[in-house]
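Asker: Listed below are the residues making up each chain.
Protein chains: 4
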Amino acid sequence: MIVSLKSGADAANVLRELTGRGLWVSRVERSASGNAVHYVIAPHSQLADPEELARIDGVAEVTTPKPAHPLVSAQGPVVDVGGLKVGTDKPVFMCGPCSLESEAQVHETASVLSSLGVSFIRGGAFKPRTSPYAFQGHGDVALEWVRRAADAAGMRVVTEALGEGHVSAVAAYADLVQVGSRNMQNFSLLKAIGKTEKPVLLKRGMSATIEEWLLAGEYLLSHGSKGVIFCERGIRGFDDSTRNLLDIGAVALLRYVHRLPVVVDPSHGLGRRDLVAPLGRAALAAGAAGLMIETHPDPSTALSDGPQAVPLGELGSLLGRLVSAEEAR
Amino acid sequence: MIVSLKSGADAANVLRELTGRGLWVSRVERSASGNAVHYVIAPHSQLADPEELARIDGVAEVTTPKPAHPLVSAQGPVVDVGGLKVGTDKPVFMCGPCSLESEAQVHETASVLSSLGVSFIRGGAFKPRTSPYAFQGHGDVALEWVRRAADAAGMRVVTEALGEGHVSAVAAYADLVQVGSRNMQNFSLLKAIGKTEKPVLLKRGMSATIEEWLLAGEYLLSHGSKGVIFCERGIRGFDDSTRNLLDIGAVALLRYVHRLPVVVDPSHGLGRRDLVAPLGRAALAAGAAGLMIETHPDPSTALSDGPQAVPLGELGSLLGRLVSAEEAR
Amino acid sequence: MIVSLKSGADAANVLRELTGRGLWVSRVERSASGNAVHYVIAPHSQLADPEELARIDGVAEVTTPKPAHPLVSAQGPVVDVGGLKVGTDKPVFMCGPCSLESEAQVHETASVLSSLGVSFIRGGAFKPRTSPYAFQGHGDVALEWVRRAADAAGMRVVTEALGEGHVSAVAAYADLVQVGSRNMQNFSLLKAIGKTEKPVLLKRGMSATIEEWLLAGEYLLSHGSKGVIFCERGIRGFDDSTRNLLDIGAVALLRYVHRLPVVVDPSHGLGRRDLVAPLGRAALAAGAAGLMIETHPDPSTALSDGPQAVPLGELGSLLGRLVSAEEAR
Amino acid sequence: MIVSLKSGADAANVLRELTGRGLWVSRVERSASGNAVHYVIAPHSQLADPEELARIDGVAEVTTPKPAHPLVSAQGPVVDVGGLKVGTDKPVFMCGPCSLESEAQVHETASVLSSLGVSFIRGGAFKPRTSPYAFQGHGDVALEWVRRAADAAGMRVVTEALGEGHVSAVAAYADLVQVGSRNMQNFSLLKAIGKTEKPVLLKRGMSATIEEWLLAGEYLLSHGSKGVIFCERGIRGFDDSTRNLLDIGAVALLRYVHRLPVVVDPSHGLGRRDLVAPLGRAALAAGAAGLMIETHPDPSTALSDGPQAVPLGELGSLLGRLVSAEEAR
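Protein chains in written order, with the UniProt record's numbering: chain A, 1 to 329; chain B, 1 to 329; chain C, 1 to 329; chain D, 1 to 329.
Bear in mind the hints are in silico, worked out from the structure with no lab data behind them.
Quantities reported herein were computed from a predicted structural model and do not represent experimental measurements.
Check each hint, because a few of them may be wrong.
You can't tell identical chains apart in this list, so a pair holds if it fits in one copy or across any two.
[Unchecked claim] Cross-link-like lysine to aspartate or glutamate pairs, in silico, EDC-like; alpha carbons within 20 Å at most:
hint	residue 1	residue 2
1	195	164
2	90	80
3	191	164
The shape of chain A in the complex, shown without the other chains:
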């Protein structure tokens, strides 16, 4: 929202009026012709009423620029996934192995997760691997495993569509279609997924700006997706003490400024199992709609990403620590 001042207006007084309403004034610009222009971004839309602001003494006009991503701006913070609402006060958990490794593993996992109140089972049938020689996932058959296991346990399925050729199969088996970080700007894939009309979990690219992320969501919604849940999983940083850099500010920004649902993946975010609990708590405190947590019956034998997976037998204790006041010091 842009608040333009009249010539000769008392700019400091207008600023006081705006900040006095709890509004965040991000930039003050002066046009070439000398009129001061204040840009205001409202943290909560109900706080900023353009008509009311226009009545402040010294204000010439209040305009609301058309957003670059109108469908994303209009979506709102709650997305319905097969009847389950993601983005309410009750956090949603999405757990499971990095890769779907066998039908037995998937059933065992689903059974434990269901008993812990986890809503979604996650796991990759197709895996994006940096090396062409690494394990690439079991493919279509793994989609059948996870669907059957989820149905038996009364859970929902979230899994990644890695390429355009997998979209229809993933859409047929999954409740929520995942777009991986490396594909956040694979526009052909976004269009193909949009056409399935399924809700989507959109992971942020390794060095994507917030605006690029929102525009990737706009690709999905403008091609048919019924809802987009954003997923922060850590961006590229300069320090290898942790695998990635979890951008907790982006979580708060999407939730409280853009009013969108964000799920956080603290497993990939740090790449360290021992910090999943404090970072998961931090994510929920910053406004996350839920958490995606890697778990594996036996991480030491995992075909991919073992070091960051939580042993399935310890997941219940972890979920408990996520909602407790804080880690024992």
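Given the coordinates of chain A, assemble chains B, C and D onto it according to the supplied hints.
Answerer: Frame of chain A, contents of chains B, C and D only:
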């Protein structure tokens, strides 16, 4: 801690034994002569007993490399600042204006802060400003203002020593000497501050690695400082949606892996007043020992950093939201 | 290459011997059992003869780890594109508009480029755009335009395959298939392109490490590509003074350490037409095999990326300045 | 420079007029009241004449905003250091060891450098080291060594003032006072150095923006420095294949847009001796006024930064390769 295997040992089994104890195995390296070498970093020292690990079948030896920062490694998570312990279960708040602007402002601020249970008043007498033409702080006289105001209100003082020439004055008036981000590797300043033997609040440099930050703390402790509290205030990112990038993973890493006290500055971290509450809550959830929050009686007239300061009259409500379950959605 | 020392060897003397041969000793590691291990990376393979190094006094063994990307490591610095060798002493230029806008535009451009000695005409039939509402390219028909124009002018065609569905058409019309930055880790696309057996121009991802880039090349070669030319076009930085951050060190590293051909795109690299000449000269000086330069008959009317395009009428002068000693000061 | 349009002007035509003059139009903004505002940044001041631009049809006014760093903007591309002009067509070389290790070493080095036509001997008497336990330099006595050696060889001295306490000694012995990367925003040090009125070599901070770097120069000039030479030495990146990320775009930007002298340090920039030649050539091609190159009589015994130093005996050959056409492929 490094766990070296015997020739021919069952490496997968040793890994299972280690992860089964809750240990995080960060890297597996193979030496030139063919012996597998596992590096283990223990999340909590009590979990990793070298003698017990050495008894695992297949383990040849367990060695603990000498840390590059022995004094920092030995300090522990609690630092005493004039009788107040920072780093316990009770979070500590450090609040005040960016710059100390007048004696009246400082007294008014201290009086309000004290009534809200805030332990430290903060504020700069000397300000590091990107431009030589920006306001540089009121200097020595402001140190007297803040000391008198804090004494009257029963509070402690934290303020920055910007240059070597200010160290003795700051040490005389402050309870906790602050090192700013731009000076994290100003080694002459670190040595001078160390010699005063005061406890120090060490802000992280804009692009400092964790290891560089810890070594800056080692400079302080090895030259006499009685304790170092680390302060995460956001690092340089690639997206200007937020002023900086708050590294919440670094907070958890320092608290739970290195066992050190970390205070978080969500005001500088994002540069947005409207996100101070969710990010402050996230910081505490990730293990922060406390928060540093900029506040000003009237942010619209602040001499520096107004847009990110919380109005003094709203601080009580903000502190309440920090300890409540979560933001209203 | 790893040079391991005998117990009790004079490590400083071995180091002198290695550096005396012009070798770059990147890391010195000490194994858990106390034997020093030196890692050596040879700048030019002919300088480092494992058998000769093994005869240095104090050396126990010299091992050459299997590279993670064997086909990329074996490719070499020259790639043949339809009879034209890219990577020789003679730099290759790839010029043209961002988007292929009309048949007339393409023919006019090809005619001028050919007269200037430019080998490749570039231009997008399919454009990756951050917003779904931006111009997405003219599609298949533009491939026909550019092929006919190139054939008439005796040039080669390089153009991007944006999605899996475009691969066969692009492979049918182009001499060199381009993979864009956003698709560097679109592994489904890499596999599909590999199967066409065409040579590929692989742009580096916005925040891709060197190793990730080389492994993306390995995907292409292991699925059939007849050669991979790498293209540095600027990575994500923290300063918006320039659109991207041109990583000139990566160019030298790929050329002189990994011995691979690299083309540099100074138009995208900085996003500023006025710096194309000095950066193009710098790229060639650092070992680039050629340059990709955006040009347009009338940049002010370009459908995309106008601000960085060089007017077609000024290209001849620019190419002249690229090979002259240096910019007039 | 800001070009504002009249209401109803043909914006596309004005843009064509501007780009037709070789001007780079960086941004087009639309004010709240609907008038288009074009921002123009001129690559060379002689190209953009405000009065002439104001006569373009449709232009309402042309304004030149006051720069944030007026003294830096006015300095120009040549700085005089004791009679030697830095920034002319003839590149200047600054060579020497990382640390000044002994009087004999310094004299031997100066004698060789002088015979090779190198203008400045460099080397640290005070060393900024990440660890407090690393060698910190020989201090004041080393300043005497390097001064005597330079005088004997007819060279100039550039050396770093690490702390405020060293400024007067360094200013007494050096011709050019160096500010290190970690101190780029140590404003107390900048003020103290400014007061000595000596010319300064200002290294860029690890993650400093161009604007922050220029403003640090403004601190120096506004406090008395007789000239500032900027030094690009690599910024913090995300890939540890190279020690730092050499920002060649910043070199061109400072030289051709801001018209300032820039010296490049390819030794620190990459941390690899084997790439000093191609990167040095690239820096000169991008407009660098000179190069700073670490050299050591015997790098394997250097007290600091040995791996990146060029052996003194090979420096002549290296300097020859810097001015030759290009590296043998």
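Asker: The structure should be examined with respect to each hint, and the outcome stated for every one.
Answerer: For each hint, the structure was consulted:
1. 195 <-> 164: Answer is both: 11 Å inside a copy and 16 Å across each meet the 20 Å cutoff.
2. 90 <-> 80: within (13 Å within a copy, 39 Å between copies)
3. 191 <-> 164: Answer is both: 9 Å inside a copy and 12 Å across each meet the 20 Å cutoff.
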